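Taken in order, these protein sequences are the chains called H and X. Under the working numbering, the first sequence has 75 at position 75, and the numbering climbs by one with no breaks. With positions in the second sequence counted from 1, the corresponding number in the working numbering is that position plus 229.
Note that these hints are calculated values from the structure, not bench results. What you are looking at is a predicted structure, and each value in this text was computed from that prediction instead of being measured. All the given hints hold, so there is nothing to weed out.
Calculated from the model, a selection of chain X residues having no Cβ within reach of chain H, i.e. all distances over 12 Å:
#, residue
1, G265
2, G307
3, F353
4, Q414
5, K428
The list that follows gives simulated cross-link-like pairs (lysine-lysine, DSSO-like), each with its CA atoms no further than 27 Å apart:
#, chain 1, residue 1, chain 2, residue 2
6, X, K527, H, K202
7, X, K455, H, K22
8, X, K478, H, K10
9, X, K576, X, K508
10, H, K197, X, K527
11, H, K197, X, K568
12, X, K527, H, K201
13, H, K165, X, K455
14, H, K144, H, K202
15, X, K435, X, K418
16, X, K478, H, K22
17, X, K455, H, K14
18, X, K478, H, K14
19, H, K197, X, K478
20, X, K478, H, K165
21, H, K10, X, K455
22, X, K426, X, K407
23, H, K120, H, K64
24, X, K391, X, K426
25, H, K165, H, K201
26, X, K455, H, K2
27, X, K398, X, K616
Each residue gets a CB set at the ideal place from its N, CA and C atoms; glycine is no exception.
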Amino acid sequence: MKILLVEDEKELAKSIVQFISKEGFIFETAHTFSIADEKLSLNEYDCALIDLMLPDGSGLNLVKNIKKHQPNCGLIIITAKNSLDDKLTGLDLGADDYLTKPFHLAELNARIKSVIRRRKYEGSSEIILNEITIIPDKREVTVKNKPVELTRREFDILLFFVSNKERVLTKESIVEHVWGNDPNAFDNFDFIYTHIKNLRKKLIEHGANDYFHSVYGIGYRFNLNETNK
Amino acid sequence: MKLISKINRYFLVSSLITLIIISGGLYFIIVNAFTGEIDEQLSHIARKAEQELASGKEVGFAPFIEVTPAAPADSTAGEYKNISIENKRESEPFRQYTSFVRVNGNEYKIITRISLIEKEDLLFSVLVIAIITIVFLVLVLFFINRTVSKIIFSDFYATIDKLDSFSLKNDDELELSKSDIKEFQQLNKSLLYLSKKSKKEYRSLKEFSEEVNHEIQTPIAVIKSKLELLLQSSNLNSENLVLLDTVLKNLSRLERINKSILLLNKIEQKGLFESTDIKLSEELNNVLNTYNEFISAKNITLTLKINNDISINANQSLIIILLSNLISNAIKYNLPDGKLDIEINGKMLTISNTGNKPKSDTDKYFARFYKDSDLSESVGLGLTIAKKICNMYSTCIIYSYTEGIHTITLEFKK
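Here chain X stands alone, though its shape is the one from the complex (with noise of 0.2 Å):
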């Protein structure tokens, strides 16, 4: 629910609820004010007729005015009542007053009474008005909400806009749009804040992460310089070489996922890459000769269709390690025997390959150090370099397993 609609409900019920109680304190001081005054008119017609009869004049006009001579006075004298009058088919309001007079020694009883039709004319007048306000509050609000709330709120969803498109990753700063309204300006303030709050401890988060990348290198390198010194001394037993195979094979291994963590670091800075115009079966052609022989390797039976070329402005280095990425996982979790399709078709590039069903869930291939394989030594950053460079050409990678087969399929932006 939008802030204005809700604004608006929370306004529209307690305005009705307002706007019933004020009706009827309306209608109540109305009926009472006008009750004063007829029961004032009442008496001075009674008076009138006190006086007409004194003047020896025959008085009364039913149902106004009704005389009765010589009644004695009871206890409904000088009251003020309100009646009804049966009167053909309806009934009619009638508010009378009743009083006992004595004229030339004689006693009179004289009631007169005074429509009250106008009454309900009232009620009925202070209800439609009651209810003009209502409708046209509505359609004000409704109003407020269509436009004014566009005007208002505009400051808010440029804000919103420049949010979605904000990244940490980017160099820019955040630019919010000034406004006049001082809840925005708050929020802007502290948004801006926040930002460059962020960007600051992600810069210094990056930048440690590279200087740890940077500082692995060396022990790394020292420690694998000694280690094949010491698989060249001639006093080493089997035991000794197979626990010194092992360490080194952990040891690149570690180097290995070092290297690929400084890779996929260096890709989110965009400017260190130079772009040239890269024909995409030619750099496919040479990754696969360099993975021949890990073809023959398996005897994976490789079929190669290239309907046309696909034309790409990339990096050469990121667009060989995306195919040689994507080619030698097709390999690597390949049966042996299996299969690997290649295929470039308009502006697509699949390769698919026979493998295992996927053990769980496939949409983690691409996060970092997920691995769905026995493979130990596979580091799991692969595909997460894959996409990064994907991503960072506006290029579609998509991922899918039907009955044994594994695609990736690469739409590339024309």
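Bound-form chain H, shown alone (with noise of 0.2 Å):
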């Protein structure tokens, strides 16, 4: 999978390519207007992620290049500005998500494998995790090819983990995630130890491991070469 990342931004290009390398991914950074237009003439990408506000141009025109010249490549706008008329304009020339600065890295690499599995596999695609496999467009689980009926919040959160495995992902991400982020509305995220509990206790009943670990009332983590006994 290659990616290109293009943000004006260098150290918080830096963490991002740091951050979600680990996936597997292949980047390639640019922190021009120019570059990022010379990169895309010369390279077929499968995902790109666009700041809107570049110093030599605006990411927007990135943004109507790619939908050209490269149909296939998976868009996510990144921007500080928060206003509603980027969020229209850049949805609306085909970006497949967006994005208001500053966010949770973990959230920006949950993003980037929704837009490529709904562009590479088409809807089709399965996550499986031993004897966990979940059908995310389906919005299915099954535990050992049996059925587990979860609510559509244990889902989501089931879904972010599993997008970020083996990393501390903190409450504020997980609600932020799930419940959308909305800057006056949460301020006391220990709510979320019930869903997480909840969820814990179903895919247990149904013959899972459980990959779920506390860290230290910051979050938790899911490892799958890791089981609470």
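Using the supplied hints, reconstruct the complex from the two chains, each of which is provided in its own coordinate frame.
What follows is the structure, encoded as structure tokens:
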């Protein structure tokens, strides 16, 4: 999987590459519009992350360019502006997703995976994790081929963990992923505990191992190589 | 007190004083001239009496002319004097002239008198004229007060009206009507200058604050990403993790504050938001869906009563933000096992929740960064944003507290 990252803030670009390249993606980074434009004319990408505000041009033009010349490339727009207009224009132009700075790296990772899943496998992908199988587009989960009934929230939480395997996820990032990012709504994320407890219980009842690990009050980690007995 | 009344008051007082002085002076002058005239007449009559005596005629007509023979001249010779003579019931004022003459070898004392009743009439007339003038003056001033001031000050009141509706936030410049009065022209000129200058400064301040807001987003994003990378490192002990947790929490608070301010600034630019027809109950249900888990996590009993739907023409995102802020507050500040009642009735949406007694002035609830709670993580901008959105759609928002129940009422314009 080849991903183009267009982001003028070098340190942020470095963090993104460092965090997400573990997934086996190959990253190419462009800090300016002209470099991004050049790279797009030379290479094909599976997904592009584009910052709208670039020192030498608007990212929206890159979006148009990609739609025209690389229609199979997934597109995620990143911007510091959370203007509603930009959101509309970005999505109207055919961007698959839209992310406002500052974001959680785990969130970006989940979005990239979701875009690639939709684009590459046209919705027929399955995620197989030992005895657990997830079909994201049908929102189905099976353990040892037996279906597990999950609530909408529980499914979203599971998919978020699975997209960010072996990573510490803060409670805040989980809540923001599942309930949306409303700056004034949440100031206590402890209620997430109940949801994760229920999710674990359901999976264990169906014969799955417990891959969820609590991390010192900060959050949780989903680790396939380490099970709670 | 009105300016014109104040001016009139000074004018009236000074006119009265002037009028009294003038009336007094006038009286004095008239009396003097009158007395001079009478004295002349008296001496004239005396000479006439002397001539009559010389021709051997009997002279005397009391009390106007009295002739007494052969008295020696005394100190009263040639004296003019005011006297009063008792006559039946009343006394009558007279002016009298005494002279001594020698006619045909005989000495005579001649006293001539003229009644001064006319002098009193004169005083009376002057007084009447003065009073009429004063009454007339008061009437004229009253008239000026009532009607002329309306005409003269119309430009002034027009300016005041314009100033009342003037807002730094509006894009349109202050426009004042022309006046032909120099002072008002001057006032308008200064006001126009002032409004232009303050608008310019307000704009640059606003632009600055928006830029700061945007600029802050990037370093926050970088710090957040680095901390999240740090969080993934395997050799952190529990102490490190607790520190990291605190840093992350405060960073996200900073982020929330910044985002809220961005939103607040944006709401002021009404043109940015497209309006559509919105069914309030629909949005309310969607928002409640989002908060379902929060409500059950606190074991709050939710009662939803929708008597009728309210349809509003507004921006959907803003209405969702408005409802989210109000409902999340009603959950955040609710008591465990508390109650949350939401009702739509007529044009009103009422959200009431159980909660602790307000610690201080509830008028400040809508003010920026005001917090009446121990929830240190709350930003204190939720209600400010809610109020801004309400103002934008001329919706009335009222907070009240009675016996353990906090209530927010929204009255939508039809």
